Amino acid sequence: MLIDIRDASKSYGRWPALEHVSLHVAAGEFVVISGPSGAGKTTLLRLIWMGDMPDSGVVQVAGYRSDMMKPGHLSRLRRRIGVVFQDFRLLPDRTVFDNVALPLVVSGSSGRAVRKRVFSLLAMMGLSHRRDSFPHQLAGGEQQRVAIARAMVAYPEILLADEPTGNLDPDATAGIISQLMDINRGGTAVVMATHDPRRIPPGSARFLFLDGGRLTDSTDWSDLEGER
Amino acid sequence: MLIDIRDASKSYGRWPALEHVSLHVAAGEFVVISGPSGAGKTTLLRLIWMGDMPDSGVVQVAGYRSDMMKPGHLSRLRRRIGVVFQDFRLLPDRTVFDNVALPLVVSGSSGRAVRKRVFSLLAMMGLSHRRDSFPHQLAGGEQQRVAIARAMVAYPEILLADEPTGNLDPDATAGIISQLMDINRGGTAVVMATHDPRRIPPGSARFLFLDGGRLTDSTDWSDLEGER
Amino acid sequence: MSIWKALAGETLGHLGSRPGARAVTLVMVSLAFVVFNSFLLVSWNLERLLRREMQAVRIEAFLSPELTPAEGRALADLISGMGGVRSVYYVSVQEAEALFRAEMPEQERLLDLLSGRFMLPASIQVALEPGWDNEGGVRSMAATLSAMEGISEAVYGEEFLPGLTRTVSAFRKLLVFLGAVLAVSIAMVVAYTVRLSVVQRSRTVEIMGIVGAPGWFITMPFLIEGTVTGLAGALGGLLISAVLSMMLQGAVGHSFLPPGLFWAVVFLGGATGAVGAVLGIRPGKAVIGGKS
Amino acid sequence: MSIWKALAGETLGHLGSRPGARAVTLVMVSLAFVVFNSFLLVSWNLERLLRREMQAVRIEAFLSPELTPAEGRALADLISGMGGVRSVYYVSVQEAEALFRAEMPEQERLLDLLSGRFMLPASIQVALEPGWDNEGGVRSMAATLSAMEGISEAVYGEEFLPGLTRTVSAFRKLLVFLGAVLAVSIAMVVAYTVRLSVVQRSRTVEIMGIVGAPGWFITMPFLIEGTVTGLAGALGGLLISAVLSMMLQGAVGHSFLPPGLFWAVVFLGGATGAVGAVLGIRPGKAVIGGKS
Ligand SMILES: Nc1ncnc2c1ncn2[C@@H]1O[C@H](COP(=O)(O)OP(=O)(O)OP(=O)(O)O)[C@@H](O)[C@H]1O
Ligand SMILES: Nc1ncnc2c1ncn2[C@@H]1O[C@H](COP(=O)(O)OP(=O)(O)OP(=O)(O)O)[C@@H](O)[C@H]1O
Ligand SMILES: [Mg+2]
Ligand SMILES: [Mg+2]
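Chains as they are written, first to last, in this note's numbering: chain L, 1 to 228; chain Z, 1 to 228; chain D, 1 to 292; chain S, 1 to 292.
Hints listed in this document are in silico derivations from the structure and should not be mistaken for laboratory results.
A portion of the hints provided could be inaccurate.
To be verified - Residues from chain S that face chain L, not an exhaustive set, calculated with beta carbons under 7 Å:
| no. | residue |
| --- | --- |
| 1 | A23 |
| 2 | V211 |
| 3 | P214 |
Every value quoted in this text rests on a predicted model; they were computed, and no experiment measured them.
Positions of the beta carbon are idealized from the N, C-alpha and C atoms, including for glycine.
Could you put together the complete structure from these sequences and hints?
The structure is reproduced here in structure tokens:
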């Protein structure tokens with residue numbers, strides 16, 4: 001099991017953000033988590049990339065257990081995960097190229113390999129002409145695509161995407177979704193949080209529903225269909 | 001005419017963001033601008049709140065002309081405009097309450113009036129329990145609602161909203177849209193940029209379409225309907 | 001909440017925030033002032049010393065042996081009427097011997113052996129008026145006296161006076177130079193701190209502009225921040241200097257800066273702080289305008 | 001691109017960024033070192049002066065008038081064999097008179113009048129060995145000598161020696177105190193600068209952690225930044241001190257710091273810089289771990 005969350009709870013001060021959540025994701029799976037604002041989607045993804053540890057329960061990702069992390073484990077785990085953040089988190093003082101290249105650079109890839117990979121990803125995202133721009137010079141949707149490219153660049157085993165299409169128009173959204181599915185077909189497990197799961201073709205993913213910090217598996221495509 | 005943009009162009013370096021755009025908005029109107037990522041929606045709103053001046057053409061807002069601005073004009077104009085930014089732009093070191101109160105505070109409202117107005121808006125946004133939190137402690141959708149509350153708080157004559165529902169689930173989105181329409185009925189002109197104009201009930205707004213920096217009036221509800 | 005209350009709140013927010021940055025800037029400005037104060041203190045004390053020594057300077061005009069005591073006294077009267085002379089004192093032969101005994105007790109035996117065979121000359125001791133108690137004045141007065149009829153020689157001792165004068169003037173030059181360099185660097189430091197404050201608050205400044213806060217409402221707290229930093233730094237520097245001065249008092253006697261110089265240093269601190277703040281805010285004008 | 005190349009790039013990025021902050025920190029550390037160097041310079045020069053004066057100190061043992069020249073010379077031989085004595089020199093009555101004439105030319109006439117009637121006493125001048133050329137050594141040796149048969153009195157002039165010794169020891173204490181205070185404040189300043197750098201780069205640091213950069217890759221540039229800042233500040237302070245020293249050379253003769261002290265100051269700069277960097281990085285550990 002690539003991701004194995006068992007009975008994890010997490011609260012911030014008085015507010016519980018996640019309550020007794022269990023989630024198992026196998027290698028190569030595509031999981032979509034939806035739910036209203038404040039449901040705990042971002043918090044759940046944070047537990048997976050171990051940006052936070054659960055208050056109770058255990059999170060195990062790619063063999064690393066949240067209650068047995070040692071110094072140095074974190075960086076090794078993170079090199080196997082790609083994350084698209086809801087607020088992008090691009091480096092403001094580096095160009096689009098450098099932002100996308102970062103995960104390859106810190107893992108010591110050769111300059112040629114970095115350039116080849118980054119150029120091809122930027123072309124795929126329609127951002128080739130923007131490679132020397134800085135994040136603040138980009139439109140919202142352009143920043144979002146840079147964030148997606150950075151998450152994909154190092155061929156991660158796990159790709160976490162938090163609301164990756166919130167700033168994209170319907171065409172661009174469809175494009176991103178199909179790219180995520182491509183990557184998933186290549187063997188990468190994808191966990192995506194979104195408030196609009198209808199963008200994902202039914203049957204191509206496992207749909208989960210989060211509300212008030214509680215995860216339910218019950219929400220299936222037909223429910224969503226009805227909500228439209 | 002409250003907003004009067006005549007033949008305005010704006011480019012960043014080599015890239016034109018807006019080309020010969022003209023737009024007239026009367027007091028109390030509701031205008032929705034849609035278009036793909038990078039179309040120039042944010043740039044157009046920036047021209048209206050005079051965060052940037054056009055390279056050519058004239059922007060006139062509430063009687064202030066972009067080519068005749070004097071020191072002091074800007075702050076007076078801005079006090080009559082409320083803006084919801086695509087990236088929220090909340091003050092990271094102030095609480096939700098202080099963020100929302102800011103426009104009232106800088107215009108010198110009394111403490112009691114500020115508290116009354118801010119509390120009622122926070123209640124309306126479902127954020128009362130969050131009033132002492134800092135922005136980084138909020139979920140994406142919560143931050144977005146704080147930004148909307150701040151834009152509304154000082155009863156502006158003009159409300160500019162840039163993708164105000166990108167991080168909200170369908171229910172919350174519907175709530176925000178109906179609040180914008182309420183405010184609009186109260187006499188405030190609303191200009192909203194969105195990549196998903198289908199959220200706004202047809203007939204209740206004027207729909208404009210922006211692509212590659214060029215504005216077209218032609219897009220009407222039936223086109224959007226067909227795209228669904 | 002009036003806008004003034006809000007402004008006061010903003011200003012307090014500035015002063016209360018970033019205690020680390022504030023402490024470091026304060027240490028820095030204080031250190032700059034310690035360097036400046038040290039030189040000020042040394043030159044102030046040297047000047048006091050010089051002034052005191054100068055006031056104590058007496059020109060000794062030795063009289064020709066052939067002059068009678070009455071003629072000597074008449075000459076003394078004449079000299080006391082000259083411009084630049086504060087007072088004269090006639091030293092008779094007997095008095096000269098008594099003085100020699102008093103000043104050089106170890107040579108008294110020598111003098112006893114000599115008595116009657118050898119005579120110290122009579123002299124007129126001349127003290128100068130305030131305007132003349134500097135090196136040039138003393139030298140020209142000595143020259144005038146030694147050219148007078150009945151005076152064999154006019155001397156003024158204090159061989160170290162020229163050296164002291166040279167040292168004082170070197171310190172004074174250094175002080176002006178240092179003062180300028182330090183004022184500029186303190187202004188730069190404060191400008192930089194305020195700039196940093198502006199940059200760190202660029203988001204706040206930008207959003208303030210966006211929601212329509214007037215320019216003065218945004219800039220005033222930075223100006224106050226800079227001025228207060230300069231003032232506090234100057235006071236801190238004076239405090240450190242005073243402590244060092246007290247610690248050294250036992251080894252090297254000296255006096256601390258007089259109130260006049262003290263307040264001048266404080267003023268220098270506030271003024272450079274304010275100038276620095278203005279310089280620091282400047283490059284942020286565009287930001288403060290609310291354009292991002 | 002190997003990870004080392006990337007690390008070098010990051011480090012250069014650190015050192016090249018925020019030139020304002022860097023300049024100000026440099027000025028600040030330099031100023032701290034100027035204060036320190038000034039005191040180091042003063043005490044170093046006072047010590048040199050003291051050492052030179054001490055080496056020049058001769059104990060003069062005046063011989064009883066009844067001793068013959070031969071007995072005097074025998075006594076000198078005896079003393080030259082004593083522990084702590086470097087050399088002795090016998091001054092006969094004739095020589096004493098010649099010396100007196102040479103040293104006090106203005107009193108020569110007096111001596112002429114006296115000749116034959118008055119005699120300066122013969123004496124033995126004693127210079128001490130290195131280990132004894134301090135105040136205690138000189139005093140005890142003088143006591144030993146004056147207690148000897150045939151010696152009427154043993155004196156060592158230089159009345160200002162005790163004062164000088166006291167001043168040197170006050171300066172030395174002040175120096176240790178100041179050194180400690182300044183080392184701590186320099187470390188704090190560097191710690192703060194590095195901290196500021198960490199805070200300003202908190203986003204970069206956080207994102208570096210998120211994309212899996214190892215801890216040392218993230219912290220190393222900050223450590224180098226701190227050490228380089230300390231070193232550069234020490235060198236800057238030494239440079240300023242040297243310039244001030246040169247400017248004052250004409251007024252107050254003195255020598256600049258010897259190479260040993262110079263490099264000690266540089267080392268102090270680098271070491272406090274490194275310590276400061278470690279302190280500055282510390283509170284950011286959580287951030288560096290990539291938890292936000
Ligand atoms: N650092 C924090 N401190 C305090 N509360 C927090 C913090 N982070 C999240 N929360 C709270 O935890 C709850 C869940 O937040 P989370 O960000 O996981 O929601 P979400 O499902 O991602 O919502 P959205 O769709 O709006 O992004 C929210 O109520 C939020 O306010
Ligand atoms: N400061 C800037 N410097 C350079 N280019 C910029 C700058 N701001 C915007 N642009 C460019 O101008 C174009 C229009 O940007 P704008 O932000 O207006 O798009 P948008 O319609 O808001 O897109 P989105 O829906 O993605 O937010 C984009 O190509 C963008 O990259
Ligand atoms: Mg979220
Ligand atoms: Mg936009």
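Hints versus structure:
1. The beta carbon of S/A23 is not positioned within 7 Å of any beta carbon in chain L (closest approach about 19 Å), and the interface hint is therefore violated.
2. With a cut of 7 Å, the hint placing S/V211 at the interface with chain L holds, because the nearest CB-to-CB distance is about 4 Å.
3. A hinted interface residue such as S/P214 counts as satisfied when its beta carbon comes closer than 7 Å to some beta carbon of chain L; here the least separation is about 5 Å, so the hint holds.
The structure is inconsistent with hint 1 alone, although it conforms to all the rest.
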